[in-house]
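Produce the entire structure from the sequences given, and follow the hints as far as they go.
Residue numbers (the working numbering), protein chains in the order written: chain A, 1 to 449; chain B, 450 to 1093.
None of these hints come from the bench; they were simulated from the model.
Remember, it's a predicted structure, so these values are computed and weren't measured experimentally.
Virtual Cβ for every residue (Gly too), placed ideally from N, Cα, C.
Mixed in with the good hints there might be a few duds.
[Said to hold, decoys possible] Using C-beta positions, here's what the derived DEER-type ranges look like:
#1 A:P81 / B:P534: 52 to 60 angstroms
#2 A:P406 / B:V769: 25 to 33 angstroms
#3 B:A501 / A:S74: 20 to 28 angstroms
#4 A:S347 / B:V769: 42 to 50 angstroms
#5 B:A501 / A:L446: 34 to 42 angstroms
#6 B:I913 / A:S74: 18 to 26 angstroms
#7 A:P81 / B:A709: 49 to 57 angstroms
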Amino acid sequence: MDGRGDVGVDNEEEEDISMKPPMKRTLAAVVIALLCLAGVTACGGGSSSSSGGSSEGTSTSQSGGSPSGGAGTSQIDSSKPPVHFALVGIQIPKYDALGNIEAGAEAAVSKINSEGGFGGREVTIGSCNSMLQPAVVTTCAHKTLAEKPVAMFGCDLAWGAAGLPIYAKAEVPSFSCLNSEADFTNPWSFGLQPGVFGTEAAAARFLCNRSDVHSVVLFTQDLPQYRETAPESLGPIFKECGKTIHYVYYPLEASDLTASVHQAVEYNPDFVITLGGGAQDVQFVQLFEQSGIPAEHIIGSSNSFAYEETLGPGGSVMEGTYSTQELASWGDTENPDVKGYLEAIESSSSKDPRNGEIQTGYQTMMWFYTVAKAVGFENFNSKTLTEFMRKESGTHIPMAREMVNPGPTEYPQVRQPYVQIVQWKEGKIHVEEEGTEEGWVPGFELPKG
Amino acid sequence: MPNVITYFLLSLGVGATYALLGNGIVAIFKGSGVLNFSQGAVAMFAAYCFSALHEHNVPKFLNLAIVLAGSAVVGALIAVLIFRPLRTAPVLAKVAATLGLLLGLQGLAQLIWGTTSRLAPSLFPTNTISIGNNAFLGVDRLYMVATVIPLALLLWAGYRFTRPGLATQAASENERGAALLGFSPTTIAALNWALGFALAALAGILIAPLTTLEIGSLPLLVLPALAAALIGNFSSFGITTVAAFVIAWIEAYLASVWTAPGIATATPFVIAILVMVLVGRPLPTRGGVSTGRPPRAPLGRGSRLVPAAIGCAAVIVALVVLNTTYQAAVAASLTSAVVALSLVVLTGYVGQISLMQLTFAGLGAFVTAKLASNYGIPFPLPILIAAVVVPIAGAVLGLPALRVRGLSLAVVTLGAAIAVNAVFFSNETLAGGLNGVPVPSATLWGFSLDPFEHTVRYGIFTLIVLLLVALLVGNLRRSGLGRRMLAVRSSERAAAVAGVNVAAVKIQAFMFSSLIAAIGGGMLAYSNSFVTFGSGSFAVLPSITLLTVVYIGGIASVSGGITAGFISAGGVLYVAMSGIPDFTELYLLISGAGLVWTVISNPDGGAVFMGDQFGRALQRLRERTVGRAIAATEPPAASSDSSA
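Given below as structure tokens:
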């Protein structure tokens, strides 16, 4: 041994193996077991089977009512190739954009398959948790693509950077939530909903139409994307209608938001727009009410009306608040699509259907069903789906308004730019008619003609 | 009323929480010399338990008593089961164990309660009073202050006048001396862990109604609490309490007057770092307890060549044979391994606990992406330029290491990581927000290395880079600088006496480490068409997770760094195991438990352990072969003699 190498460590090398033999054996056994397990799953992961090898499971349950519009056949034909979809979303301690979307999508799949799938072709989903890490997003993209999906749907902030290029290269369309410029502009990306950008703008247009509103505060998390999009989307709209807007960004860390609310109140706003979502919305509303701004003067995102998290636990605190809904709200029970959705979730899931994310999962699968029926179940694949998305216009999107093609000028990949404005009153959802087009407000400037 | 005072009053609730958590950290540090990074996670877990019992209609104060007592018992058990075996372990092992606890508690909470945020029941009345300036203050905040101040006084008195308190003080100064006086170090540690956990539980129960119950952000409350405890030098309950209220006030006030992103988040840490560095006061050390040996740093000479060649061949075969999922996972593993090797140099060789390695990687990715996209500099020059530029930042961010070491440095690097992420990476104007910075596809001598078009080529490129970096780190270990680094790790004082320029070695280590991290960051930038900084990829939690996997792999060995790459999120093992149902939900729990287990049972790391096992098996095989050969050459007469 080189004596110079001994400094600080090597004289201890002799005692480095002071562990007791049983512990060593246990460790070795666990490592070997893990490697074997990894090997086994690696072999499974390499297959492109529609019902195996998916990262989180595949849904093929067989109950539920009939999909809107009826199906071609009433039974799955095992001789026909299945139709597989990939779901990619984030599920981490701070955020879950996977579990609820998955539950909604599985309910839709269950309903579709019980009616014979896509013309006898079984519908399956393979999901992957991207964990909000670009490296894992890339992994999810490759892994789900290996299962030969017709399309991807879901939500990850890094999809535009780390997943979309892989799907675009494979010419498989993505139906992801819209966050980055790539999501809005890549020809292989499609937005069935307007995303945060659109809901912000729709809230601004709604408030522009109200004569009692002169000054507005946007109260939202201190996230780079909100600092980026909020002034861009809200500023010009309020300027055009002669109203003022102020921005207050509250910290992401767990914190008492009293100080941030006070900061917002100092602007003396007539109305407050929030983009938070979840249980924290109840706290905002309470804090604003304590500071003299009533709940009727607060409008939140679609997450602010997730019943289990906000309206239920919040009770009377939430009475009167507004929300921007990317889809026809779960409380809009006169809407036949919503009715079908509620029935489907109740019959096949233990989840509370009064949740926008569950609706999103369900709606996306039903939209695929709509397109498949239009192009012919036998012909339905990535190519025909993409062609339909690029050419067709005016088709009704379940739980939303019609498809717009081409999309808004600056955001050409948005296909459903409308947002519904609703209010929580006396334990019910009320669709706002005043200042809207039958309850809908455009989130983007639509192309003329 | 001036606005400054209004914001001070509005920040009282948060200040009280920071004070409780900070004082818990101080109590645990006094009792056992462990800096508990999981204090916020304990608060989160206790708050969830309180909420769950509330849902079962357990009366409020009985509920409180149950949760506080339960937390205290768990704290004492953790002291005995996890930290007693680590009593003589190096500081790094103890820090790693608390990080393992943090991840484990988060993972467990996620399994039990899910990720959805929820409202928490309040212990105190929630009506409000006007404090002027259109501001209203919840009465519960005043109750919180009325709870925390007397508690701080009680803690001060308890540690000054009671027998267990005096024993703790004695042990915190000289554990062996205290033991000779009849105080059991284990009992003292258990008592203080119990107290620390109970304080954390109370903090969680009090803050949750103000912030909502949420698994992700509540554990991060430990960060400002650490800053407060740091200002209190981890010994004074009074100063920690005052510092906690001041930090909360600065956060609230700055957010109202200085709206640039991240300023309010970063400022308390910058202040704490400045105080720490300017005062240059080390954390109190515990006299009399010998520090165990740090993780082994094997020399890795000739005998490693064969395993390295086999490993390279296996990677190339895997890249060629496997499907694109695994090809991408191999490339991601190799890239992560490069970043992991930067930690091997800084923490493994020099013993400088860094929680900002991904900050260096992020800076490398930023410089690379900007040079490639804004100035059109061809690949691989942007990575090389980043490897020159980022070490300058490494030297600057490493300057505090000249004044502080060990635990203090861990806190300082944590603060620096938070500050850079909050002010720089989260700044949409500088770092592009969610759009990130576009990165053109890599091309070398006409060959496209696009990770999407040519995954195999890109994978081989990452393998070559990793090989070069591994050679560099391996040779560093054998060089004069490497030996000086190990000398500094063993004992700075002894190294200085032996003529080693400790300051120069530390700065060189920071520069060397940030150089490697910058190369890893540059590779990360080229691995996608955009590199995004706003999604938290280079924030402090991923840095903590990186330290976790490198420790599990083997923090002081090249093979450990490479192993870390393969077991990190997105790596080969992760991808292979993600086929197991609910694996991603279990990932945090497995990481945390794995880290604690490694720290206790195999502090050298998995790669070194496996290497030893392989070496032993080889040795046994050789001995058997030699034995058989000897038996075969023995004269037959000998056997006939014996039979006779």
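The hints, checked one at a time:
Against the hinted window of 52 to 60 angstroms, the Cβ-Cβ separation of A:P81 and B:P534 comes to about 57 angstroms, which satisfies the hint. Against the hinted window of 25 to 33 angstroms, the Cβ-Cβ separation of A:P406 and B:V769 comes to about 43 angstroms, which falls outside the hint. With their beta carbons about 45 angstroms apart, B:A501 and A:S74 fall outside the hinted range of 20 to 28 angstroms. One distance hint, 42 to 50 angstroms for the beta-carbon pair A:S347 and B:V769, holds here, with the actual separation near 49 angstroms.
Between B:A501 and A:L446, the C-beta spacing of about 49 angstroms breaks the proposed range 34 to 42 angstroms. Under the hint 18 to 26 angstroms, the C-beta atoms of B:I913 and A:S74, about 58 angstroms apart, miss the expected range. A C-beta distance of roughly 55 angstroms is found between A:P81 and B:A709, which places it inside the suggested range of 49 to 57 angstroms.
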